[in-house]
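Enquirer: Listed here are the chains, written in short residue letters.
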Amino acid sequence: MNELEGRQLVVADLATGIVILALGGAILALSIAMPDFAERNADPLTAPGIFPGVVGAIMVLLGARLTLRSTRAYKPIKAPGEPEQPDNGNPATPFRLLVGFLMMAAAVFIIGRADFRFVMSGFCLAYCLFFVGWRSDSGSTVRRIAAVAAVILIAGILIPIAFEEIFLVRMP
Amino acid sequence: MLDAFIGLLSVETLVNVLWATLGGIVIGALPGLTATMGLALMTSLTYSMDGTQAILVLICVYIGAIYGGSRSAILLNIPGTPANAATAVEGYPMALAGEGYRALGLATVASLVGSLFGALCLALIAPFLAELALGFGSYEYFLLGIFGILIAGKMTSADDPLKGWIAGFIGLAVSMVGQEAIHAYPRFSFGSVELAGGIALIPAMVGAFGISELLLSLTTAKPQLAAVAAKKASLTSLFGDLWRSRLTVARSGAIGTAIGIVPGVGEDIASWIAYAGARRASRNPEEFGKGSRDGLIAAETSNSAALPGAIIPALTLAVPGSAPAAVLLAAMFIHNIRPGPMIMIENPGFVATVVWIVVFGSIAMAVLGLVMTRPLLYVLRVPREYLVPIIFSLCVLGPYALTQRLFDIYVMLAFGVLGFTLRLMRYPMAPLILGIILGGMIDQNLRRGLILTARDPWEILTRPISIVLILMCIATLLVGMSGMKRLTNLLPGRRRATGTGQP
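Which chain is which? The protein sequence lines are A and B, in order. Position one of the first sequence corresponds to residue 497 (our numbering), numbered consecutively onward. Position one of the second sequence corresponds to residue 10 (our numbering), numbered consecutively onward.
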């Protein structure tokens, strides 16, 4: 699935350009609406909206440039003889990505609501159960189980202990 | 100098140098734990120590941390500290190509040489350099920040600098969230108390580099590092590489030291500017971004040279040259050491002591780094599915450890998603992070400069350093633009070289 290429990239750039353009415009508008504290006898040049306004304006220009460039490169109809889009890898990749991300998001959501060690140990176990190639020919199942146990020990127990005892961090 | 050297010679010094440097390397190597954080934590551990030994420990941790970040940058494409982002650009491709050993070794020897070069500058020209840095006013800081964004965007996305600049300005926009420094007005907080506190750098960096890398690793069915067989590289060959790139080393060392001296700028900008210089001077610029030794050497030499450079204004002006130097400065006050313009008169021996501390720390860094090169290579052979949970645990705890806000963990994940999405579309992450780092500095100095020059922005053209920086910004924008490429190809010499006039 790696990086986007060809028409996919052009379409993505077109969408991104529009988003950057809109975002820059929103930043500019919000910056203009910010107070300048003139009623407090503050110098208007210290207004909070000055630099964000500059950033917003530049983002509008950059977004416009990207949008224009992508519009020129965009071909809605595939031309005869144009090569097919490259196969970006295993068709199961989006599913793996979704599962991995959901696991991370769930762990982040639960952190603070349950003991950190349990959360991280649970994440490690779930992640390894799903992503470790249990049916692979390389290495025995016992070694894989030992490796998973080591991962849980390191990520779920030793790292939190190190942060607590050495860096004096209270676990979330 | 000799007295200072003799004064440091003791078993206690040796032990402190070794454990502090090793600790710094570990701190720097772990994504989410930065040199600043390491120094801040270590400061509390040094309360009961003698002043000189305490400063020695802190400087060694600083040296180790800046160097240690190159470990994770090279092996995992996750810079351990912001100063190692440029290292990741070249070091990681080298590791993937089976040259991990050489990359780690080159980073080590380059860091050693850079650090020693900076120490030499610290010893020889500290008073002169400090006076030059006084010439940087608000406009100069503003322009230096803008230049940093432009050059980082150009260098990290040479084929499409527009995307690098977009990433940089997204970073600047992110840095605007939260209470601004002059009126404490909460910008873009939308009523949220958490957003009013701003988007912190560390969660954003860990997310953009760390989480996005973990997500990207999920998109490859085959582990990326499965077939890596690291070729050994002898110490002689490493120094041979360094000798062949001696111009790069010299230039990067000078850039690193000079940038380090400028208060508040730091090692990250130094490494990018030196990287840009190396690329520009290279006979093979197309190799950059794909595992260029020159690029790696430039980045590591300069970020290590910037460290002694950052100590110069801390010692002589009581103004830190970088965030970790700010913590170091605070530690000096805690231990009754008075840095400032009078230190060269009141306590000149302390400056010499600091020089030797940097030398000792650099040597320890090199020894420990080379000894640990081979063991660290085994990290590459560990299947990704076992590393991901461990890295994720560090990515969660690292940002949380600084402020202990759950919000920072959410920010980290959000930037992970943002970083992943942008990287799919070939946007570089480093300019985004640099934008977050520099946004506050650029903002304040722009407004301050406008006020100080009585609303006359043209005043900027009367300042020589500003003019140089403006020209550098313009050059960065123009070089590489398609229109400029066509224009330069019309030049007679260029046409003869290409034969066809094509870019």
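Please note that a few of the clues may not be correct.
For the chain A half of the interface with chain B, some residues (derived, Cβ under 8 Å), not all of them [unchecked claim]:
1) 569
2) 655
3) 659
4) 665
What follows is a list of derived Cβ distance ranges for each label pair [stated by the list, open to error]:
5) A/528 <-> B/483: 24 to 30 Å
6) A/610 <-> B/106: 40 to 46 Å
7) B/198 <-> A/609: 21 to 27 Å
8) B/14 <-> A/636: 44 to 50 Å
9) B/355 <-> A/529: 51 to 57 Å
10) B/134 <-> A/518: 48 to 54 Å
11) B/198 <-> A/568: 34 to 40 Å
12) B/343 <-> A/625: 48 to 54 Å
13) B/134 <-> A/557: 41 to 47 Å
14) B/168 <-> A/662: 39 to 45 Å
Straight-line distance between alpha carbons at most 20 Å, and here's what the computed SDA-like set of lysine to any residue pairs gives [said to hold, decoys possible]:
15) B/299 <-> A/538
16) B/241 <-> B/106
17) B/299 <-> A/637
In case anyone wonders, no lab produced these hints; they're calculated from the structure. Backbone N, C-alpha and C define an ideal beta-carbon position, used for all residues, glycine too.
Enquirer: Evaluate each hint against the coordinates.
Expert: Here's how the hints hold up against the structure:
| no. | hint | result |
| --- | --- | --- |
| 1 | 569 | violated (12 Å) |
| 2 | 655 | holds (5 Å) |
| 3 | 659 | holds (5 Å) |
| 4 | 665 | holds (4 Å) |
| 5 | A/528 <-> B/483: 24 to 30 Å | holds (28 Å) |
| 6 | A/610 <-> B/106: 40 to 46 Å | holds (43 Å) |
| 7 | B/198 <-> A/609: 21 to 27 Å | holds (25 Å) |
| 8 | B/14 <-> A/636: 44 to 50 Å | violated (56 Å) |
| 9 | B/355 <-> A/529: 51 to 57 Å | holds (52 Å) |
| 10 | B/134 <-> A/518: 48 to 54 Å | holds (50 Å) |
| 11 | B/198 <-> A/568: 34 to 40 Å | holds (39 Å) |
| 12 | B/343 <-> A/625: 48 to 54 Å | holds (49 Å) |
| 13 | B/134 <-> A/557: 41 to 47 Å | holds (42 Å) |
| 14 | B/168 <-> A/662: 39 to 45 Å | holds (43 Å) |
| 15 | B/299 <-> A/538 | violated (51 Å) |
| 16 | B/241 <-> B/106 | holds (13 Å) |
| 17 | B/299 <-> A/637 | violated (37 Å) |
Checked against the numbered hints given earlier, the structure breaks hints 1, 8, 15, 17 and satisfies all the rest.
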